[in-house]
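Colleague: Could you put the whole structure together from the sequences, leaning on the hints where they help?
There are 4 protein chains.
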Amino acid sequence: MSSTFIGRSLRLSIFGQSHSEAIGMTLDGLPAGIPVDRDALQVFLNRRAPGRAKWSTSRREEDKPEFLCGLKDDCTCGAPLTAVIRNTNIRSADYSALKVLPRPGHADYTAEQKYGGYQDYSGGGHFSGRLTAPLCIAGGILLQELDRHGITVDARICSVAGIRDESPFLSPVKDKAFPVSDDEIGERMQQAIEEARTEGDSVGGVVECVIRGLPCGIGDPLFDGLENQIARLIFAVPAVKGIEFGAGFSSAEMRGSENNDPFCVRNGKVETVTNHCGGILGGISNGMPVLFRAAFKPTPSIAKPQQTVNLRTMEEETLCITGRHDPCIVPRAVPVVEAAAAVAVYDLILGEQLWN
Amino acid sequence: MSSTFIGRSLRLSIFGQSHSEAIGMTLDGLPAGIPVDRDALQVFLNRRAPGRAKWSTSRREEDKPEFLCGLKDDCTCGAPLTAVIRNTNIRSADYSALKVLPRPGHADYTAEQKYGGYQDYSGGGHFSGRLTAPLCIAGGILLQELDRHGITVDARICSVAGIRDESPFLSPVKDKAFPVSDDEIGERMQQAIEEARTEGDSVGGVVECVIRGLPCGIGDPLFDGLENQIARLIFAVPAVKGIEFGAGFSSAEMRGSENNDPFCVRNGKVETVTNHCGGILGGISNGMPVLFRAAFKPTPSIAKPQQTVNLRTMEEETLCITGRHDPCIVPRAVPVVEAAAAVAVYDLILGEQLWN
Amino acid sequence: MSSTFIGRSLRLSIFGQSHSEAIGMTLDGLPAGIPVDRDALQVFLNRRAPGRAKWSTSRREEDKPEFLCGLKDDCTCGAPLTAVIRNTNIRSADYSALKVLPRPGHADYTAEQKYGGYQDYSGGGHFSGRLTAPLCIAGGILLQELDRHGITVDARICSVAGIRDESPFLSPVKDKAFPVSDDEIGERMQQAIEEARTEGDSVGGVVECVIRGLPCGIGDPLFDGLENQIARLIFAVPAVKGIEFGAGFSSAEMRGSENNDPFCVRNGKVETVTNHCGGILGGISNGMPVLFRAAFKPTPSIAKPQQTVNLRTMEEETLCITGRHDPCIVPRAVPVVEAAAAVAVYDLILGEQLWN
Amino acid sequence: MSSTFIGRSLRLSIFGQSHSEAIGMTLDGLPAGIPVDRDALQVFLNRRAPGRAKWSTSRREEDKPEFLCGLKDDCTCGAPLTAVIRNTNIRSADYSALKVLPRPGHADYTAEQKYGGYQDYSGGGHFSGRLTAPLCIAGGILLQELDRHGITVDARICSVAGIRDESPFLSPVKDKAFPVSDDEIGERMQQAIEEARTEGDSVGGVVECVIRGLPCGIGDPLFDGLENQIARLIFAVPAVKGIEFGAGFSSAEMRGSENNDPFCVRNGKVETVTNHCGGILGGISNGMPVLFRAAFKPTPSIAKPQQTVNLRTMEEETLCITGRHDPCIVPRAVPVVEAAAAVAVYDLILGEQLWN
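Chains as they are written, first to last, in the working numbering: chain A, 243 to 598; chain L, 243 to 598; chain E, 243 to 598; chain P, 243 to 598.
Don't take every hint at face value.
You can't tell identical chains apart in this list, so a pair holds if it fits in one copy or across any two.
Subject to a maximum C-alpha distance of 16 Å in a straight line, what follows is the list of computed EDC-like cross-link-like pairs (lysine to aspartate or glutamate) [as the list claims (entries may be wrong)]: (1) Lys511 - Glu559; (2) Lys416 - Glu450; (3) Lys546 - Asp443; (4) Lys546 - Glu500; (5) Lys546 - Glu436; (6) Lys418 - Glu557; (7) Lys511 - Glu558; (8) Lys341 - Glu559; (9) Lys306 - Asp279; (10) Lys341 - Glu557.
Just so you know, these hints were derived from the structure itself, not from any lab.
Modeller: What follows is the structure, encoded as C-alpha cells:
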C-alpha cells in the first residue's frame, strides 16, 4: 500500500482508517514562512464535511484538524506539517456483516484478497471517502498559498445523473450550497439526487476544475507533465473513473484545424484564441487556464438489495446495506478536486521555484 | 524535465530528441533471467514505425534497437538494460522556420518559454512522437514477459473522427494493418483519415486497451493505484487528452444499482456479472479484465494555414507547415498504449513479487 | 526539508519538533499481518528514553507511543501505521536566548539561515535528538519482525572519549544499563563521561552494530547497496560524523592479500574465513554478519562558556548554555543505531520479497 | 538492481557492463542552457582513465564519451543528456574461469547468488570499476557548472598503504600525476604501490575531498542532509568502505569544548574558527568548506594465490587471478570522488534553486 505522494518537491503522506483513532496527513517539503489561515481552512473543510444536506451521509463529524507540528505562530516553520482529525462518531456495528459479504462497487473484496483478512474493513478502512479529509487539509493550505500568488483553483459540478450544466465556467461557485453555475439546472440535479435517495439508489456526476493564473512553463514532457501529475492525484480520490483535459474526449472527434488553438496577441501577451488543449501543451502550462473534468461513479453503497458472494461459503447471496451513505458524493467532491489540483500544481511550481 | 519513470520497482529512463544522434531507453530494476525475443520485439516495434500506410508520415526509418548492455545471451543479466535507435532519416531544414513561429497545438511555444531558447526545436525535439519508440522497446520486452505469465495486453482503435466501433472487444486485432474489431467500420475510419489528409487536415480518435489474466490484488489505494499508475504512463504519450476506466464517463450518468458490478461465482471463482469498474476496485485489480480508453487529439501538424504569433515581432502571422506528418496517429498509437500499459502493470506486479 | 525516507518498499515519514504538540512517524508500505508487541516495543523505546542515568538529560518523558492508525488487533492492517508521542515536559524558556546566539556545533545557525527566522528553534526544533524517538518506534517494530525471521540487529558501545572496547562482539549487550562488552572498560568510559559532566563538558564515542542472519543477496550495486542505504539512514541520526563497514578505514591500510576474505566451506555452506568486508560485497550481503561502526561527536550543548556570534549585532559574544543535556549521547544512541539499521535492512528485504 | 540515482532534482542513470557493447549514463533534470566544455571534460576523464601509470591496469581505453542527445550547440537543451563510451579493448577470455571460482573481495559470489547465474560476470560486469567512467561524465559536466558559480570540488590522496600525508589541504593538486599535497610523502606512497605490485599484491588508501564556495543553507535535516547525500553517492564507488565528515572518527575522541567550532566574524561574515564539523551542521552547509574522507580498500584482484570455493563442487580451491589490474586504485579514484561529490552537491543546490 502506498499512501505517500512523492512529488517533485513535496511528500504528502495520508494516513488513517475510517474507524481508527484518527486520520491525518503529513506534508513534507513546504518552504518555511507560509501562513496558514485556520479559519479559512475550516471554511474550506466544511465544504467537504458530511451532514450538511440531504444528499450527504448523516454521519456528523466536525472535520476539525489538530496541528501536531510544523507550524510556529501559524506559519510553516520548515519542518513537516502534520495534522490529524480524531474519529469520534463511529458506528462499527454497521459493518460487521460485510466481512464475508463484499459490497459490489467497493474495495471490500480486493482488500480482502490483498491483505489476507488483516485489513480494517470497518467503515471502508483506509479506502473510505473519509480519507479525502486529510487531502483537503493539505490542499486547503496550498490553495491559500497559491491564491497569494494570484493562482486560483475553482471546481464546480458540471453534470449529475446525466443532467449537464453546459454554461461557461466564468466565475467561482464555491460559496453556493450546491456548487453549479446554472442554478436552475442545479435544481434539477438535486431532484435527481433526491429521487435516487428515496429509491434507495445513488447517482454519479462530473466535476470540472479550472486553474487560473498559472504561469507558462509549469510541467514537463513525458512522465511529469501537468496531465500526468493531476491525473495521478485525482485518481487518488475514491470513485473517480475518468479524467479529461481541455476538450478531452471531444478532441478525439474534432479535426486538427478545429482542435488546434491558434496563437494570438492579447494585451501584449501571447494567448490562444480557443483553449481546447486545456492550457497544457507538451505537458507544460501555456499560460491559459488549465481545465480538466473528473468523472465520479455513483456511490456504491445503496440501500437496494444487491447480489454478492459469501466469501466463506462461496454461495451467491443478496446483500442489503444499511448505514448512512450519500446518495451522491459529487457535491462534496468539489472541494476535494480543488485540493488534489492544488497539491499537483503547487508541487510542480515549487520544483520550478518561480517565486524565489 | 523529468523523463524518468520512477515506478515501484522499475526505473524507465527515456532519452533523445527527434533529430539527435539517437533516441533510446534504459530500463533499470528488471530481474535477471528474463528472455528477450528480438524478432518478436521487432514485429511489435514495426506496428508503431512510420511509413507503413497512407495515414502515416513518409519519414521512413527502421526502428531497430541496438542493445548496449543489460543482456547476456538474450536474457536480462540483472544490470540496467539500455537500447538505442539511431536517428538516420533527418530533414532538419523542415523545421528551421518554426523557431519563432510556434505551431498551434504543439509544444513549440511552451518549450521556448520553459527552456529559454536552448531547446532543440528541430523535429519536435524531446516532445516528438518519435520518443514513443523507446517506450515501445521497454513495453515490448515486458509484454513478452507478461505473456509468459498468462497476462495479455491488447489495444484496438475504438473510434476515429467520431466514427465508433462499439462491438465488444473479444479477441485481439493487433495483427491487422488497421487494428479495429469491425472491419467495415474500420474502412469508414480510414476513409475519414484519407479525406482529412487530402484536405490538409487531421483527425483524432480513441484507443481502447484490455489487460486479461491480471490476478486480483495488484495496485493500492490512494496514490499508487492501478488507475493512477496507468494514467501516469498513458499521459506520457503525446496527444493523449483523456483517460477513462471501465464505464468511465458513462458511469457518471448511471445509477449505483446499474453501475455496481454484482459479484457472482463462475467456475468456482469470484467474478463480477458486469465490468463497469474496468477490473479495478479501490485502485486494486479484482481479477476481471482491466479496461481503459485513451482519447487522442488530432495530429496538430496540418498543411492548412493556421494563425500563430511571431515571437520575435509579437505580430500575428499565418503559418503553413510543410514536412511529413501523419493525418491520424491513432493507428500507430495502438502498440504505444499497449507498451505504456505493460510498463504500468509489470511494475506493480514486480512490487508484489507474485512470481517468486 | 525532507524528513521522509523513500526506500525501496517503505516510506518512513518522521515529524515533530522538540517542543511541538507531538512528534511521531508514519510507516507506509508495511505488509498486512505483522504483529506489534507493544510491551516489547516499550522496552526497546525505554533504552533510548532520557532520564535513566547520570549521563542522560534530566528531561523526563515517557516515550509512550499512541497508535493512531494502521493496526487492527495489534497487527498491521496494510494501511499506513502512524504513532505519535505527546510532548509534555517542555521548558521553552530555556531556549529563548538562543535565537540570536547560535550554539556552536548545533544547527541553530544553519536553520536560521535556511528558514529565514521561521524555524522553531525551541529545544532544537526538528533538529533535536528527540526526533530519534519516532525512528525508534519504526525500527522497534521492524526489529521484532526481523527477529521472527531469524535476523538479529545488535549494537554496542565500542568507544567513548577515546577509551576503546576491542573485545569481539560475540553476544548481545542490549540488556545492560551501559551496553558494552567488557564491563571493566565500560566502567572507565562511565568515569570519563562523569568527569566531562562535572567539568561542564561532553564526550563522544563510537557505536558498533552487527546484523546476523541476513541471507546472501540483499542490496544492489551502485546507488542502492547495503552500504549506501545504511549510511543514508545512520546519517539521519544527529551527531553522526562517520560510518565504516567491516574493517573500514583500517582496510585502507591493509594489503589486498590481508584484506580479502578467503571463501571457505563451513557446514556445507559458503562462508568467508575473515569478515573484513563487513558482510557486504558489491553492495550485496554475502551471508556473513553485516558489521558497521558509526562515530558520534560529543554533545554540542555544554555548560562551559563558548564563543559565538550575535546574529543581530554581528559581534562575537560568549555563550553559556543552561538547561538539561546529556554529557554523552552514545549510550542512548545504541538502540537508535539498531533502529536505523533495521529500517535499512528490512526495506531492502521487502523489496526482494524473500518471505513471500 | 537499482543503478539510478534519484536525487532531489536530478536522476542519474548509469548503465553498462565491463564487457558489454557500451557503458554510459543519462542525466535527467538538468536545466537548459548549461555549457559543456568537451575538451575540459576529456581532461577530467583522462585523470580516471586506465593505462597512464605503473599503478594502473594496462587495459588501455580512451574514455571518450559520445553524446547521443541532450545537447544543442554544446549546451544542455533541457532534454535528458545521454553519453556512452564504447567498450573496445575487451579480453573476455581472462574471466571465463571465474564463473565457478568467485574471487575473494569481489562481487562474483554475491552476484551469482542474487542473479542466479544470469549475471554478466565477464570483467566484473556491472560491478566493475569501469562503471565509474559514466559517473565521471556526469560529475565532470556538473563540476564545470559548479565552478562557474564559484564552487570548487577538489580531492587528493591523503593516505596510501598507511602512509599519511597530513599536510593541510590548501590548494588543488589535481594537475599532478600523483595527486598528493606533499610530494615527498607521495613518493613513498608510490614506492609502496610498486612494492605491492611486484609482490603480486595491492594496497588501499584514503581520498580526501573539499568543497569550497558552497553557500550556507544547502541540505536538510534527517534523510536528505549533505552527509546522507554525499555518503549515498560515495558508496556507489566500488571499494569504498568508510566515509567521515570533518573530524569524523576523531570527533568521537574529543570533548565537546574541543570539537565544537566557535562562531566568529571574518570580513563581516559569520564563520567558524575551526571546522571540525566539516562545514555541515544539522545536515545543512554552514558556509565553511565541506570536507570528507573516503576509505578505499586494496584492489581485491591480486596475483597472489588465494583460497576460494568452487561453487560447482563445493570444494575449497586455490585461485590465481591473471589479467590486468591496478595494484592501487586510489590515484584513479581521486577524480571519481570529485565527480560523486559534484553530483551530490549540485543536486541539492538545484533543489534550492539558488541561482534562479
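Colleague: If a hint holds in the structure, say so; if it does not, say that too.
Modeller: Hint-by-hint comparison with the structure:
Only between protomers do lysine 511 and glutamate 559 lie at most 16 Å apart by alpha-carbon distance; the minimum there is 15 Å, versus 63 Å within a single protomer. Within a single copy, lysine 416 and glutamate 450 get their C-alpha atoms as close as 12 Å, which meets the 16 Å cut-off; across copies the closest is 35 Å, which misses it. For a Cα distance limit of 16 Å, the shortest separation of lysine 546 from aspartate 443 inside one copy, 6 Å, qualifies, whereas the shortest one across copies, 51 Å, does not. When the C-alpha separation of lysine 546 and glutamate 500 is checked against a cutoff of 16 Å, the pair qualifies only between copies, where the shortest distance is 11 Å, while the shortest distance within a copy is 46 Å.
With identical chains, the CA atoms of lysine 546 and glutamate 436 are at most 16 Å apart within one copy only, with a shortest distance of 15 Å there and 51 Å across copies. Taking the shortest alpha-carbon separations for lysine 418 and glutamate 557, neither the intra-copy value of 47 Å nor the inter-copy value of 42 Å comes in at or below 16 Å. For the homomeric pair lysine 511 and glutamate 558, the shortest alpha-carbon distance between copies (11 Å) is at most 16 Å, but the shortest distance inside one copy (64 Å) is not. Proximity of lysine 341 and glutamate 559 under a CA criterion of 16 Å is satisfied intra-copy only: 14 Å inside one chain copy versus 60 Å between copies.
When the C-alpha separation of lysine 306 and aspartate 279 is checked against a cutoff of 16 Å, the pair qualifies only within one copy, where the shortest distance is 13 Å, while the shortest distance between copies is 32 Å. Taking the shortest alpha-carbon separations for lysine 341 and glutamate 557, only the intra-copy value of 14 Å comes in at or below 16 Å, while the best inter-copy value is 56 Å.
Hint 6 from the earlier list is the only one contradicted by this structure; the remaining hints agree with it.
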